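Undergrad: Sequence:
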Amino acid sequence: MVRKSQSIIHFADKISKIRHTQKKEFSDGATNKLLKYDYPGNVKELENVIERAITLSKADTDIEEEVIFLGDTTGIEDEKRINLLNISLIEKLCKSPRIISVAKAATLITFISILCLFVVQSDLSIGGRNITLIFCWQLGIPFLFILFLFAARFGCGICPIYSITRFFNNYNLKIPIPDSIKKYDVWIMGTGFISILFIEEYTHMAASVSKTTYLTFSILFAAIIVDFIFEKSAWCRHLCPLGGMSGLFSMSSLIEIRANKNVCTTICTTHDCFKGSERANPCPMFLHLQFLSDNRDCKVCLNCIKNCTHHATRLNFRVPGAEISSLREPSLPGALFSIILSGLLVAKILSSIDIIQGNYPFIFSASILFALTLNITINYFTALILKETVIEHLKLFGYTLIPLILFGFISLYSIDVFGNVNGSLMIFNSYELNLNFTRAFQLLTVLTGLFITEYLIYKIIQNRITKSRQFQIFAIQGMVPLVLSIIYIMLFFA
Numbered sequence: 001m002v003r004k005s006q007s008i009i010h011f012a013d014k015i016s017k018i019r020h021t022q023k024k025e026f027s028d029g030a031t032n033k034l035l036k037y038d039y040p041g042n043v044k045e046l047e048n049v050i051e052r053a054i055t056l057s058k059a060d061t062d063i064e065e066e067v068i069f070l071g072d073t074t075g076i077e078d079e080k081r082i083n084l085l086n087i088s089l090i091e092k093l094c095k096s097p098r099i100i101s102v103a104k105a106a107t108l109i110t111f112i113s114i115l116c117l118f119v120v121q122s123d124l125s126i127g128g129r130n131i132t133l134i135f136c137w138q139l140g141i142p143f144l145f146i147l148f149l150f151a152a153r154f155g156c157g158i159c160p161i162y163s164i165t166r167f168f169n170n171y172n173l174k175i176p177i178p179d180s181i182k183k184y185d186v187w188i189m190g191t192g193f194i195s196i197l198f199i200e201e202y203t204h205m206a207a208s209v210s211k212t213t214y215l216t217f218s219i220l221f222a223a224i225i226v227d228f229i230f231e232k233s234a235w236c237r238h239l240c241p242l243g244g245m246s247g248l249f250s251m252s253s254l255i256e257i258r259a260n261k262n263v264c265t266t267i268c269t270t271h272d273c274f275k276g277s278e279r280a281n282p283c284p285m286f287l288h289l290q291f292l293s294d295n296r297d298c299k300v301c302l303n304c305i306k307n308c309t310h311h312a313t314r315l316n317f318r319v320p321g322a323e324i325s326s327l328r329e330p331s332l333p334g335a336l337f338s339i340i341l342s343g344l345l346v347a348k349i350l351s352s353i354d355i356i357q358g359n360y361p362f363i364f365s366a367s368i369l370f371a372l373t374l375n376i377t378i379n380y381f382t383a384l385i386l387k388e389t390v391i392e393h394l395k396l397f398g399y400t401l402i403p404l405i406l407f408g409f410i411s412l413y414s415i416d417v418f419g420n421v422n423g424s425l426m427i428f429n430s431y432e433l434n435l436n437f438t439r440a441f442q443l444l445t446v447l448t449g450l451f452i453t454e455y456l457i458y459k460i461i462q463n464r465i466t467k468s469r470q471f472q473i474f475a476i477q478g479m480v481p482l483v484l485s486i487i488y489i490m491l492f493f494a
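Just so we're aligned: 184 in the working numbering is position 184 of the sequence shown, and the numbers increase by one with no gaps anywhere.
FYI, nobody ran anything at the bench for these hints, they're computed from the structure.
Don't take every hint at face value.
[Stated by the list, open to error] Result set (PhoX-like, lysine-lysine): computed pairs, CA atoms no more than 20 Å apart in a straight line: (1) K24 - K14; (2) K44 - K14; (3) K395 - K459; (4) K36 - K182; (5) K261 - K24; (6) K275 - K174; (7) K387 - K275; (8) K80 - K232; (9) K44 - K387; (10) K232 - K174; (11) K92 - K80; (12) K33 - K17; (13) K95 - K275; (14) K232 - K33.
[Unchecked claim] Restraint ranges, calculated between C-beta atoms of paired labels, are given here: (15) Y171 - V102: 49 to 59 Å; (16) A103 - K44: 20 to 30 Å; (17) I486 - N42: 45 to 55 Å; (18) D28 - G128: 56 to 66 Å.
It should be emphasised that the depicted structure is a prediction, and the values quoted were computed from it without experimental measurement.
No residue lacks a Cβ here, since even glycine has one placed at the ideal position from N, Cα and C.
All chains should be modelled from the sequences, with the hints used to inform the complete structure.
TA: In C-alpha cells:
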C-alpha cells in the first residue's frame with residue numbers, strides 16, 4: 001500500500017513535469033479509489049489512470065474521485081448487439097441538438113402544468129376521473145416502466161425536476177458531497193423508493209389529489225435543497241429514489257450506450273464524452289464512455305454521442321438485461337433491492353386486486369420476507385454445492401430477477417391503462433373463443449420476463465461454473481423466478 005502511494009506521487013510529479021504544469025494534489029476520495037484497485041496492467045496501468053485523471057480535471061483544482069476511471073480499456077464488439085447509429089435517421093436524431101431540448105421542454109411544461117392544477121384547480125375531472133391523477137398514476141407510472149424497457153434511463157435524461165434543479169445547481173454552495181452519501185447511496189435510494197411504494201399503497205395515494213400533491217412537492221423541494229447545497233448533481237447521482245429505481249430497471253432495457261473501446265484507446269485524446277465540447281455539455285453523471293459497462297448510471301442524455309468526433313459511440317440494440325450476466329461490479333445492496341422488489345410486486349398485485357382487505361403493513365412485510373427467504377435459501381444451497389459464500393451468490397444471481405420484475409410491473413399497470421379488455425376469436429369460422437385480452441397480455445408478459453431471467457441465470461452459470469455442475473446449479477437457481485412467476489400469474493388470474 002505504501003509503495004502504491006509512492007507510485008501515485010511519482011507519476012503525478014512525472015506527468016506534471018512533462019506537461020510543464022503545476023503539480024496537482026489528489027483528494028482523499030481519489031487517493032482511496034486509486035489505492036483500492038489491483039491494477040492488472042501493473043504500474044503502466046496506474047500511470048495511464050493518473051495521466052487521464054490529470055487531463056480530465058479542471059485547472060487549478062485538486063484531482064477528485066469523479067475523474068478516476070479504472071478498468072478494462074479495450075473491448076471486443078459483441079456480435080449479439082446491433083449499433084442503431086448505423087441507421088442514418090437514428091444517428092441524425094441522436095446528434096440533433098433539438099431532440100433532447102424539445103423532449104425536456106415538453107416534460108417540463110407538462111410537469112409545471114400538473115403542479116399548477118394541483119394548486120389552482122385540483123378537482124378538474126374528465127369522464128368522472130381526476131385529470132391530474134390520470135396523468136400521474138394511470139398514464140405516468142405505466143409509461144415510465146415502458147420507457148425502462150425500450151429506452152433505459154431516458155426518462156431521467158429529460159426529467160423536469162432535473163431541469164428545475166439545474167438552475168439552483170448553478171448557484172449552489174459548492175459543498176462537496178459527503179463520503180457517507182457516496183458510500184451508502186444505493187441504500188439511501190433503495191430505501192427511499194421502497195418507502196414511497198409503501199406510503200402510496202398504505203395511504204391510497206393514487207386516489208387522492210392532496211396526497212399526490214404532497215409527494216410531488218416533497219420530492220421537488222428535496223431535490224432543490226440538495227442541489228442548492230451540494231455540488232455535482234448530488235440528488236440525481238446519489239439520492240433520488242426514482243433515479244435509483246430507474247438505474248436498476250434500465251439494466252433490463254433493450255438499448256445501451258457504449259463505446260468502441262479500441263477507438264477510444266488508440267485515437268481519442270480529448271475525452272469530450274466526459275468533458276463536453278461546443279457541441280454538447282459534459283456528461284451530467286460524470287461518466288467516461290470508455291469505462292461504461294452497464295446502464296445503472298447512464299441517463300441516455302445523448303451528450304456523449306454528440307460530443308464524440310471519432311465515431312466511437314454505439315447505441316446498441318440488445319437482448320434485454322444482457323449486461324446482467326457479465327456485471328463488472330455487482331453490489332450486494334443492488335442485488336438485495338432487486339430481490340425485495342420481487343416481493344413487493346406480490347404486495348402490489350394483492351393490493352390492486354383487493355384479495356386481502358386491510359393490514360397492508362403485514363402484507364408488505366410478509367412479501368419482502370418471503371422473497372428474501374426464498375432467495376437466501378436457494379443461494380445457500382448453490383453456494384454450499386460450489387463451496388462459495390451465500391453473499392457471493394446473492395450478488396451474482398440477485399440482479400437476474402430484474403427482467404421478471406420489470407415485465408411483472410408492466411403486466412400490473414396494463415390494467416390501469418387498458419382495463420379488462422374482453423373479446424372473442426372465431427376459429428375456422430365455426431368455433432368462437434371468448435378471451436380476456438388483458439389477462440392474455442399479462443400472462444405473455446410475465447412468461448417473457450421469466451424466459452429472460454432464466455436465460456441470464458443460464459449465462460452466468462455457463463460463464464463461471466464447470467460443465468459437470470451447470471445443470472444442477474441451474475435447476476436449483478431457476479426455481480426462484482419460476483416460483484415468483486407462478487405466484488404473479490395466479491394472482492393476476494385470481
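Undergrad: None of the hints should be skipped; say for each whether it holds.
TA: Hint check results:
no., hint, verdict
1, K24 - K14, "holds, 11 Å"
2, K44 - K14, "holds, 13 Å"
3, K395 - K459, "holds, 15 Å"
4, K36 - K182, "holds, 16 Å"
5, K261 - K24, "violated, 28 Å"
6, K275 - K174, "holds, 19 Å"
7, K387 - K275, "violated, 45 Å"
8, K80 - K232, "violated, 35 Å"
9, K44 - K387, "violated, 36 Å"
10, K232 - K174, "holds, 8 Å"
11, K92 - K80, "violated, 24 Å"
12, K33 - K17, "violated, 24 Å"
13, K95 - K275, "holds, 17 Å"
14, K232 - K33, "holds, 18 Å"
15, Y171 - V102: 49 to 59 Å, "violated, 26 Å"
16, A103 - K44: 20 to 30 Å, "violated, 43 Å"
17, I486 - N42: 45 to 55 Å, "holds, 51 Å"
18, D28 - G128: 56 to 66 Å, "holds, 59 Å"
In this structure, the hints that do not hold are numbers 5, 7, 8, 9, 11, 12, 15, 16, in rising order.
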